[in-house]
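*Asks:* Chains as they are written, first to last, in the numbering used here: chain D, 1 to 278; chain L, 279 to 555.
For the record, the hints were derived by calculation from the structure and aren't laboratory data.
Check before you lean on any hint, since a few could be wrong.
Reference excerpt, derived from the structure (chain D facing chain L, CB under 10 Å, subset only) [to be verified]:
no. : residue
1   : G91
2   : L152
3   : F156
4   : S160
5   : L177
6   : E193
7   : M197
Given the structure is predicted, the values throughout are model-derived calculations rather than measurements.
Even glycine gets a Cβ: it sits at the ideal position worked out from N, Cα and C.
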Amino acid sequence: MSRPARDSFSELSARERARVLLDPGTFRELLGPFERMKSPWLPRQGVVAQADDGVVVARGRIGGEDAVIAAVEGAYQGGSIGEVSGSKIAGALELALRDCERGRRVRPVLLLETGGVRLQEANLGLAAIAEIHAAIVALRRHVPVVCVVAGLVGCFGGMSLAAALCSRLIITRPARLGMNGPEVIEQEAGIGELDAMDAREVWGLMGGEQRVATGFADVLIEDDTVAIAAEVRRAFDNVPPPRSEQVDAWSARLAGIDAQHPPEPRALRALWLRGEDH
Amino acid sequence: MSTAAAPSERGLRWFQALTGGQQGLLPGTTRTVRMADSPIGREPARYLAVVPDAQNRFPRARGGEVGLDEAWALARQVRRTIAEDGGASPRAIIAIVDVASQAYGRREELLGIHLAGAAAADAYASARLAGHPVLALLVGKAMSGAFLTHGYQANRILALDSPEVLVHAMSKESAARVTRRSVEALEELGRSITPMAYDVRSFASLGLLHTLIEGINAEAPGTDDVERVRAELAAAIADARAGARDLSSRLTSQAARTTRSASIEVRRRLAQSWDVP
């Protein structure tokens, strides 16, 4: 018996990923490529600036409610966050916050496929990421902020903190989530610390399955457009307090770890989720 | 592999200078996170710093890096401060920033340093939203994930005008390795592309800094230096109390209007098209 072919979500462009998550016919892009709001910093360094700077902001509806999606294009500059792309995400969240404060709820969704700060815009990328963090924390008091990490690019650097600040984190098996990318760790700490080419090891540490199994993400999902759209619609209901507020519980988990002999990834799953309902 | 430079003692030195010589050790908490109360004029203020510890249980966080225990301890102490003040008279919280990097390591990723960092940023942002004037005082390095974790959620950022005060998304040595450029070439690039620069004067020209405190002996502060910094902190606290609880001041400064014009323009255009015309 053949299964129906899946439509890959992660292989879609950022624009299409935003479109398929919004209720049919409601997609409306803000500050799209025709406005040519490009990076002012890349051309000076001999890098071609893309007309949307690699982030798509779209308004529309999700489950009949007003929504805004900020989707990172992982195929452009590794999904890196520069001044313009970062400000598009922060600005969209700030406007959603303004609406929420006026009593008009807007459902915010972040689609993150990013290596973190764009090094060519260093300090302005980092500043934008701090503003994204600030906006998520403020907005989350009004409405759940939902994050999807679906593709092979993963979500790293300061944007991994952004993902961790979200109310609900949906991730696929091929996606990875971590502060420091494996290449950077290998470079900084040596191959004895981590072999970035060892895919089994890397996904064992920070792959989607491990992140859900150890409580760092909420939902493990197939890379399937229909499934992810359904999960995003559901994600706004019955949301528990965000994990970045659960300081005592996570501190206790960490305190129980032997830093000299930390458990292997598999053992960590059992250790941390023992006695919990999963 | 990175060469081990001697860990900076500046953070602890300024922490002690501003808190009347307190160690700030907390029972049941890593020795790398220090907290102490010391009033500024009539304002009660709480200081927090991340400092090196050669005996730290996580080997990748012994040189003043912000690691797992550090980030969770910051989150816990800041949240404790919010709870203690209960919204009635929120104290100033001052993050003394001298952090070379986040901790890079296998254990750190396994155990979720990204969530630890998020929890600390969350706590600082929540304190700011609860009405605490949150200040960051840059006395040394303010690097990347470490700065996002400790300081970058402040309402007001102040910095000592010193060649060792550096702000960036990646250490010079790492950035050179990643971009396959020499450190000298990177420094040259920073002279023409302001956000690429490391030095605090360039950072000040981005409009993100509230005050650049000039003429201070940053390495070995004397009584006058400490008093001057305290006066700047007092002024920043008053300014934060009178201002918004968000980070909007980073977009309205004179320098931001020039250097961060794209950040401002993006927001303007998004707002313009937010609702269907």
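*Asks:* Which numbered hints does this structure break?
*Replies:* Failing hints, ascending: 2, 7.
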